[in-house]
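Work out the full structure, taking the sequences as your base and the hints as a guide.
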Amino acid sequence: MSMFSAPKGVPEYFPPRSRAFVDVRSHLSRAAELAGYSYIELPVFEDTALYVRGVGESTDVVSKEMYSFEDRGGRSITLRPEGTAGVMRSVVENRLDKGQLPVKLWYSGPFFRAERPQHGRYRQLQQVGVEAIGSDDPALDAEVIAIGDEAFRSLGLTRYALHLTSLGCAVCRPAYRALLQAFLADLDLDEATRERAAINPLRVLDDKRESVQNQLIDAPLMVDHLCEACATHYDAVRAHLVSMGVSWVEAPRMVRGLDYYTRTTFEFTHELLGAQSGIGGGGRYDGLMASVGGDDLSGIGFGLGTDRTLLACEAEGLTPGADAHLDVFLVPIGAEAKTRLVALGARLRAAGIRTDLAYGDRGLKGAMKAADRSGAPLVVVVGDSEVEADSAQVKSMSTGDQATVPWTDLITFISAAIERDLT
RNA sequence: GUGACCGUAGUUCAGCGGUAGAGCGUCGCGUUGUGGUCGCGAAUGUCGCGGGUUCGAAUCCCGUCGGUCACCCCA
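Numbering (my numbering), first residue to last: 1 to 423.
Simulated from the structure, these hints should not be mistaken for lab results. Fair warning: there could be bad hints in the mix.
Claimed, not checked - Each pair of labels, with its calculated beta carbon distance range:
1. 161 x 211: 43 to 53 Å
2. 366 x 406: 26 to 36 Å
3. 93 x 361: 54 to 64 Å
4. 5 x 110: 16 to 26 Å
5. 409 x 98: 51 to 61 Å
6. 156 x 366: 48 to 58 Å
We treat Cβ as the ideally placed atom computed from N, Cα and C, and that holds for glycine.
This is the structure we're talking about:
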């Protein structure tokens, strides 16, 4: 029994799985780097009002899932529940939007939502996100979507799907919203659903209950009521996706939980993850920057769930980061040998060779066992006779071959052996 | 936040009212300085935590904490 336990709903990654987590995260961010996005490091807490105004007071995320508290100066602080609002705040505050547009940024780190934990749903969740700000070019929408697709594909994932729709804009959405509300008013719905219809009628569309869905068959859909500009924009996005070879399914009833989304909206889901199947989602947000006090620039971005992407990889039997993480394992027998190998280890590491050593004066047999388990392809053994001969035994763990190598040639020999193994 | 199920060794799990078990892992041994296979042996548990019922509780009941599944929500 340990005295303390981690807070509820917080995932921890430790070896060996932490290696997979790190590898997943680097695949996700690499896709963004490959498309010219630059890293932005942001605070994990912000002024509560930023989320209330940016994300939307009526959203579940803001109204019942935020970790908010008063700091010692009496300010209301909130642990960030999502990434986009914070990026907007920083862009406006630091005038990153005053140069060439679009500004393309990526970020990574923990986010916090006080939800009831479940497999794949955590109170501290990890995301890798991108934002492209200051252009409403539909090619940029397509780029962002394609980056997400490539991020998942680069990990070897295949059992995922891209859901796509357009949520319209300030011109066409209000009229559609009224239309939908009128439609919903005539349906037989329970109180909670009626309430939702009043606050965010779009949300009713993706209700999972059959009894509700049956009544929604003839519900008006946003995509059928887009204004000319939105329709043209959406067509262009789809045309670009086709030319990039990205496939998707139309999801006219898809809804996002954050109020700022407009026009292009998308979600990646994985079919093996159960109820928490969303592994990434995003879209365009046209009014967000202005609502946070900046110029009225539009933007588009996504957040990819690092935790869930790892779960998706595991569900598909993929093993990210499984490559051996060591090149050489050193086995000393005796005090003199240890002194020599400790020094050799430092030199190997300085030469960029990943090296570990058998500590704790284990017997040769035990040390070899440790060497085997380390996964290192090469093992260097030094005992009394090697010390005397000023040499070392270098063993290949895969073939079992062992060579006597003069001490002065060791680093060169090892480098060459690793080089050979890589080719 | 609502409902249901689960919580036993490092790990996966069996035991379900009468002195705590197995597989895997860990450590040691199988003669002097060589791992993976095999054989033999050993260590490790306040049976999540707190109450209650009982002669006796890992086992039954209540609470609590944690996890899981669905709803909800979303990454």
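Checked hints:
1. 161 x 211: 43 to 53 Å: 26 Å, violated
2. 366 x 406: 26 to 36 Å: Given range 26 to 36 Å: holds, Cβ gap about 27 Å.
3. 93 x 361: 54 to 64 Å: With Cβ atoms ~57 Å apart, the hint holds.
4. 5 x 110: 16 to 26 Å: 18 Å, holds
5. 409 x 98: 51 to 61 Å: Since residue 409 and residue 98 have Cβ atoms about 59 Å apart, the given range 51 to 61 Å holds.
6. 156 x 366: 48 to 58 Å: At 37 Å between Cβs, range violated.
Checked against the numbered hints given earlier, this structure breaks hints 1 and 6; the rest are met.
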